[in-house]
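Number of protein chains: 4
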Amino acid sequence: MAPRPPAASMPIGIAVPNLAEVVAEIAEEMRVRADRGEVATYIPELARVSADQFGIAVIDNDGKAHVAGDGDVPFSIQSISKVFTLTLALGKAGNRLWKRVGREPSGSPFNSIVQLEREHGIPRNPFINAGAIAVSDLILSGHQPREALGAILRFMQFLADDATITIDNAVAASEQRTGFRNAALANYMRSFGVLDNPVDLTLGVYFHHCAIAMSCRQLAMAGRFLAHNGINPTTGLSVVTPERARRINAIMLTCGHYDGSGEFAFRVGLPGKSGVGGGIIAIAPGQASIAVWSPGLDPSGNSHLGQLALEALSKRMGWSIFGA
Amino acid sequence: MAPRPPAASMPIGIAVPNLAEVVAEIAEEMRVRADRGEVATYIPELARVSADQFGIAVIDNDGKAHVAGDGDVPFSIQSISKVFTLTLALGKAGNRLWKRVGREPSGSPFNSIVQLEREHGIPRNPFINAGAIAVSDLILSGHQPREALGAILRFMQFLADDATITIDNAVAASEQRTGFRNAALANYMRSFGVLDNPVDLTLGVYFHHCAIAMSCRQLAMAGRFLAHNGINPTTGLSVVTPERARRINAIMLTCGHYDGSGEFAFRVGLPGKSGVGGGIIAIAPGQASIAVWSPGLDPSGNSHLGQLALEALSKRMGWSIFGA
Amino acid sequence: MAPRPPAASMPIGIAVPNLAEVVAEIAEEMRVRADRGEVATYIPELARVSADQFGIAVIDNDGKAHVAGDGDVPFSIQSISKVFTLTLALGKAGNRLWKRVGREPSGSPFNSIVQLEREHGIPRNPFINAGAIAVSDLILSGHQPREALGAILRFMQFLADDATITIDNAVAASEQRTGFRNAALANYMRSFGVLDNPVDLTLGVYFHHCAIAMSCRQLAMAGRFLAHNGINPTTGLSVVTPERARRINAIMLTCGHYDGSGEFAFRVGLPGKSGVGGGIIAIAPGQASIAVWSPGLDPSGNSHLGQLALEALSKRMGWSIFGA
Amino acid sequence: MAPRPPAASMPIGIAVPNLAEVVAEIAEEMRVRADRGEVATYIPELARVSADQFGIAVIDNDGKAHVAGDGDVPFSIQSISKVFTLTLALGKAGNRLWKRVGREPSGSPFNSIVQLEREHGIPRNPFINAGAIAVSDLILSGHQPREALGAILRFMQFLADDATITIDNAVAASEQRTGFRNAALANYMRSFGVLDNPVDLTLGVYFHHCAIAMSCRQLAMAGRFLAHNGINPTTGLSVVTPERARRINAIMLTCGHYDGSGEFAFRVGLPGKSGVGGGIIAIAPGQASIAVWSPGLDPSGNSHLGQLALEALSKRMGWSIFGA
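Protein chains in written order, with this note's numbering: chain A, 3 to 326; chain B, 3 to 326; chain C, 3 to 326; chain D, 3 to 326.
A few of these clues could be false.
Because identical chains share one entry, a pair is satisfied inside a single copy or across any pair of copies.
Said to hold, decoys possible - Capping the alpha-carbon separation at 30 angstroms, the derived lysine-lysine pairs in BS3-like fashion look like this:
{"no.": "1", "residue 1": "K317", "residue 2": "K101"}
{"no.": "2", "residue 1": "K317", "residue 2": "K94"}
{"no.": "3", "residue 1": "K101", "residue 2": "K66"}
FYI, nobody ran anything at the bench for these hints, they're computed from the structure.
Predicted model, so just to flag it, every value in this text is computed and none were measured.
Chain A on its own, in the form it takes in the complex (with noise of 0.2 angstroms):
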């Protein structure tokens, strides 16, 4: 694109805020506060992990990373996995991927089914549950589920320039058991024909990526690429085009908090996407990428202290899309 002239509202001779100092800042601020929401208790592995941590990583332009609070402290990375399985799908199987999914928000919970059955199976976007079991699906498809996930984390690993990154086993064998909800989606885009592969087999893709444990660090390392119109900046490779970096991180903004996307876009200003283990990816399209992780979660499912912490340093930055 075409090089910004500082913005109207940046007065000349007000220095550029430092990077290290508001992160760090951040994360003593989120520490010390009481308020720190719910933890999720439908998984008994998530229920059992403390509300007190908070964890924070911010891998700036030149690849250096502010790592600060609970940031290298691994967590389940639950439904921020999304952003990742929709990559790889678009990869495998391009735009035919969104004959299968929308890319609408939802206006509706992470696992409503009545939007499935007023739009015939289809679920409205890759990042509510439906749409990522349905993505999920896309992966599989042509391979074995060991396979598929193999596929997955290894690209998760790839991303993220670690080889140590696994899968908690504990929680998707926790999340297997107790999935209902989620078999009910599954077997109903089955009846339309959403799904190709026999359910139980796409659930086990599904459940295990969800279960990928990583550290903020780890997260914000993964995301380099849409920050940077899909190139890894250290390695210089592309990942995906710039013009499907720019789309994933459009889902991201309007799709990616499930009913308190439009809350998320309105204070934080950025694309991101959550997950119930408290953790939340964000990128500022060519300043950073970010994962923030703090286990208490508000009514629509988003992390409590994440979302304010992400609040804090796109305003302190200035990293708004929506400003100049």
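With chain A held as given, fit chains B, C and D onto it using these hints.
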């Protein structure tokens, strides 16, 4: 915000695209296209407008207007007016407004009443019809309809720096005669206490501000404050705070095109608001205020050529807010 | 139909229960109960009525009236009037009526607008508010509101053989002032062309016929034709054909108690229609026409004691249409 | 109940219609009709059945069977089985059953999942698929699927007094392979705790009892207890209490034909339950137990000729429960 360096993807030595040329190219490309969408027929006055027309106006950072095609022909701005009544109502009521109107995408057509029943009469956002009627009601409170409309019209004239802008009373009268769906929405909200004023008066204000007639040039002029952190760049005067400008842009991005909002974000990557008259206003933060117009609509009720033109403009100028 | 032999379950020698005694017993049982439901508050005039009251009237095959408790106190019949406007409109429009109104149970509260959106403005049945408004519109067509109301009132007086029945204008005016939900329904149907007349006039007719005041005795008298195959047993004159009488009873059974219709069929086993004034009319085909009244309502909007009384009456008299 | 006198509308000297003749007439009228509806295609085994067939069986008060057409050809009873599983489950669980299943008409197609979301996993009534699955789950609890199915089959054989009735395993297997929508419903209810058993086992019971094959004669025999206050008139043994028989009839009347239930009550005026195999059982309380069968369905999924035949039968015999 911090000054942005030239994007990594912009190779040194590549010329910045020339906005004047790009605007002229796009106008010519749109002029010759055979696919033009369907002109809205539900208001007789709108149905008479020829689908052959296409206009575009882009006001750049220096205040220079690039206008092509039918960019100086006035048309019925319809729902585009909702951006400006929202701005006005926020100035009057502040964040109290958000007790009556949400800010989440609706996942439903513009005139759906289902969402209102589920959410106790609170419209999902200020850009669906119900939400805009609630905003009109806030502007009306404490005033006569004539005064409220005068305030809205003067605000448009002030923003566009053009005292000739008027309301097309034939369009307003036509909508008032046939606007039973909007009367249903208004009465429904009134039954929940979301409206304060007599339904007829509130609807009168609503129908009339939707009937304001403006050209692309006038609309693009009126939108400049949203591209420049709330400041009118010509006068240097502040219209709204930088935060409010960003937030209005965020709502346009997530809710500005009814149930085509996700698609618009995906393809165009700019905050925008459409109207059934065929106009769209779009904001490239820090770069430009844009208006396009072509009366033929797509099935979601958004201008067919208008969207194509904005997609081309955003792509060629590198203005997507989702890229670096 | 064929004469029915004594039911197999009725042992020879068991005395037929005495209707007069049963009615008196039930009135006494209801008088002393502490649980009385909640009086409707949405219309100020209805909210002032004391929950202490209970009335019952049963007109048997011989035209003898068994009246107890407050069975001669007039009350606002509200939605019970819909049985009679349906009868009148069928007389005027014949089966053409069923192009504008369905005859399926709604599965929704009485004032739901969701169903209308899904079914293109056609109300599910003539006993939900939207359906009754559409019926009022049919009665109004070709007349002034005053004439239409006169026709409805005279029909009630004729059926009840009582020229003193009147409309309580204070109740009608109160509903007209606050009936925003009904105005929403009417405008919504008008937007689909389901109503022909100006919304205000149709609603005027609707609100006024709901405000007719009658006692249990008068209501039970008015319902006799439905218990006797369409014939007024006193005069021997036919009000409707036997088939039409059966069909109106069928709609009362499936749709007469909003989303408590299944429950009423299950517990009482008689066609019936309730009103938020606390009245219920019920029909024991070939046996009796019945009206009860007690202002306290259950959560579905049906008279709490009224339903209990009808359950007891149907059981003790062996009148359920579902038994032999 | 009290013995009913001959209805006032039955002029003295008019002969009671002859049931044997009426049944024969109707069978002939149906045999020659050209309009036969559409055979269900979603189960391959059902799709192969010829639409040319029509059968009828009526068992009168004296236990005499009037059978005509293909009334002795076995067919897949499908949802008609739900009447009998409900009876069995009420015997096992009593009114506790109503904590898991409602008894209101649904206002939705038979396999809608929307209603479940709105009502927290509680199906509206035991005759929509979700409700019948919940009933199967209650029957299964404490047993192996084989035992539960054995109990259901023996109950049918006992009621029909015919030990040759069997389950068509090819139909059951076919439904199990393709029943994704039902798997969605079951998993969805399980997510709310409305089902207790493993979803696969509950669905196995459900699919198999829907695959019971019976002729009209066998079905009409099985329904006799509902026409006679819960008593098998041949043996004099009580199957259920009179009150329970009436209540099952009431649910059949309000919910027995999916979203065609109101229409069936309106036209036929008898409690009845249809299945997508083209069968319908209907009860004329105190008069007869009836079964009809013709595989072609109307858009609501109910046998087209079956309904016409029942309408004619009810009318000619004067059996409507809504007339005197």
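To see whether the hints hold, each was checked on the structure:
1. K317 <-> K101: between (37 angstroms within a copy, 24 angstroms between copies)
2. K317 <-> K94: between (37 angstroms within a copy, 24 angstroms between copies)
3. K101 <-> K66: Neither way: K101 and K66 sit 39 angstroms apart in one copy and 42 angstroms across, limit 30 angstroms.
The earlier numbered hint that this structure contradicts is number 3, and it is the only one.
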